[in-house]
Amino acid sequence: MPRTEPARGMRDFLPDDVRRREYVVGVVRRVYERFGFEPIETPAVENIETLLGKYGEEGNQLIFKILKRGVHEGSGEADLALRYDLTVPLARVVAEHRAKLPRLFKRCQIQPVWRADRPARGRFREFYQCDVDTLGSTSPVVEAEQCAAVSEVLAELGFGDFRIRVNDRRLLTSMLAGAGVPAALHDGALVALDKLDRLGPDGVGAELEQRGVPPGARERLLAVHAEHGGGDSASGVAGALAALAAAGSRVADVTPAGVEARESLRVVLELTRDTAAAPRVAYDPFLARGLSYYTGAIMEINVPDLAGSLGGGGRYDNLVGMFSGDTVPACGFSLGLERILVVMEERGMFPASLPSAPADVMTAVFRPEDLGHALRLAHVLRQSGLRVLVYPDADKMGKQIKYASSRGIPCVAILGEDEIGRGEVTVKDLASGRQETLAERGAGAAVKAMLGEGRG
RNA sequence: GUGGGUGUAGCUCAAUGGUGGAGCGCCGGACUGUGGCUCCGGAGGUUGCGGGUUCGAUCCCCGUCACCCACCCCA
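24 is the number of the first residue of the first sequence in our numbering; add one for each residue after it.
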């Protein structure tokens, strides 16, 4: 027998999975569009040179490559790749369609991306990202509004304990320079510092050493960590602002860009004050994030019971320029759909009102020759807005009703010889066992009445 | 990529170096115009795959693959 599992890291979605996914995606899309983000879609496959060199070394290796086809198939060379995120394709789209797009472009995009990663809890090789990006503005309003949008999404889904940590790439650069880390080691040092909350100062010190960071620089970096009370600030605008204000001589004030970054991050935080993000934001001087295209503010969103993040984003003012030649400022935020789903699943956060049955009512007949009649009744019921499943065989009535019951279908419309002869139908409520026989034209109303009772 | 664990019926799991079981589910019947409860019967397995030790391996050993957990990394 051939293997039937989906490919490693890929998943099949059965009906209940799809209903839950569509529920979350629906909330995300409604909130995003409420903020004026317009939907776009892009191909699953990009030319490989579009993606290479945009994500840093780690990212490059995780790109799912597609080998050349036809006569070049044997070369082992790739010319296409599955998209790794939605941001780089967006930058390409903006460069390609600049004339057709508004000067200020707010777009949202909910599509799958692929990474040749090793699967783990909440991590798959094919997963959905829910992105919002704003192109054409350097205003900190952009960052603030995106924090607000994702906060509204999570709040609407029922999350009450998420935090959005913010930082700025320029503050990181400034801090590293101030500590005396050679510029060539910055990337590696950031990877190590990003682990402070997991490894603690000692572990990070060891990793910094391993990455060649000089002893003095290591001490100075860890001293900053100690000064900031061991990492990120308390949640909420006030705490974040206080922590940011304290990011003085060792973090922000080292370089002019650092001073500028602290001010712009301060404005971002101020602007979230009257949004859904206000109680959520925190300043984390060690938040780094992996993608190499970020140039300014960076954000990441977490809940306590998930090791990874629910999403993240940041400003990337140079990415579009890599495609178009001229600079288009941009900033984006991405929510990971399956991360959200994993947590919602574990916490039982899905509303009870999510439909779980394929239909509101099922027709059942005793004789095969009545199936056509069942189809006609179904047609009428469907026109009145009901979801109707026509049981396609004249099986024993017990078997038919058992099927409806096991699928959670609340009503059965029984068309027996007696009923048909009188132009009637028997409508049975499976929850209560009550049934009534009435004129066929009254069936829709009778079913709806039963559905109403079930919900009440 | 590193370390640990687990692979047995559709699912959740037992078992013993000597003919592989249960519960749930499924199918049929008691009950050929009515599901849930009960009772009876039935189907379903090359014990992940390959090799080794042994008279004999589901069990012991080696390899391999898959999955799970932690690390790493990320959404």
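Hints were generated in silico from the structure; no laboratory data involved. Please note that the accuracy of each hint is not assured.
[As the list claims (entries may be wrong)] No farther apart than 27 angstroms at their CA atoms in a straight line, the calculated lysine-lysine pairs in the DSSO-like style are these: (1) K471 <-> K422; (2) K471 <-> K419; (3) K425 <-> K471.
[Stated by the list, open to error] Now the in silico label distances, taken between C-beta atoms and shown as ranges: (4) P327 <-> R296: 46 to 54 angstroms; (5) G348 <-> G183: 44 to 52 angstroms; (6) R92 <-> A30: 17 to 25 angstroms; (7) A454 <-> L90: 29 to 37 angstroms; (8) D225 <-> D340: 42 to 50 angstroms; (9) G371 <-> E45: 13 to 21 angstroms; (10) V48 <-> K419: 37 to 45 angstroms.
Beta carbons: idealized from backbone N, C-alpha and C, even for Gly.
**Hinted pair K471 and K419, Cα distance within 27 angstroms** = 26 angstroms, holds
**Status of the given 46 to 54 angstroms range, CB of R296 versus CB of P327** = Taking Cβ atoms as reference, P327 and R296 lie about 24 angstroms apart, which means the hint is violated.
**Request:** For the pair supplied as a hint, K471 and K422, confirm whether the alpha-carbon distance does not exceed 27 angstroms.
**Result:** 24 angstroms, holds
**Prompt:** Are R92 and A30 spaced within 17 to 25 angstroms by their CB atoms?
**Reply:** 19 angstroms, holds
**Message:** If I claimed the Cβ atoms of D225 and D340 lie 42 to 50 angstroms apart, would that claim hold in this structure?
**Reply:** 36 angstroms, violated
**Hint check for K419 and V48 - Cβ pair distance inside 37 to 45 angstroms** = With Cβ atoms ~41 angstroms apart, the hint holds.
**Message:** Verify the CB-CB distance for A454 and L90 against the hinted window 29 to 37 angstroms.
**Reply:** 56 angstroms, violated
**Request:** Indicate whether the distance between the beta carbons of G348 and G183 respects the range 44 to 52 angstroms.
**Result:** 46 angstroms, holds
**Request:** Using the Cβ atoms, figure out if G371 sits within 13 to 21 angstroms of E45.
**Result:** Because 18 angstroms falls inside the window, the suggested range holds.
**Message:** Just to be careful, I want the Cα atoms of K425 and K471 compared with a cutoff of 27 angstroms; is the pair within it?
**Reply:** It holds: about 21 angstroms lies between the C-alpha atoms, which stays within 27 angstroms.
Consistency with the previously given hints fails for numbers 4, 7 and 8, ordered from lowest to highest.
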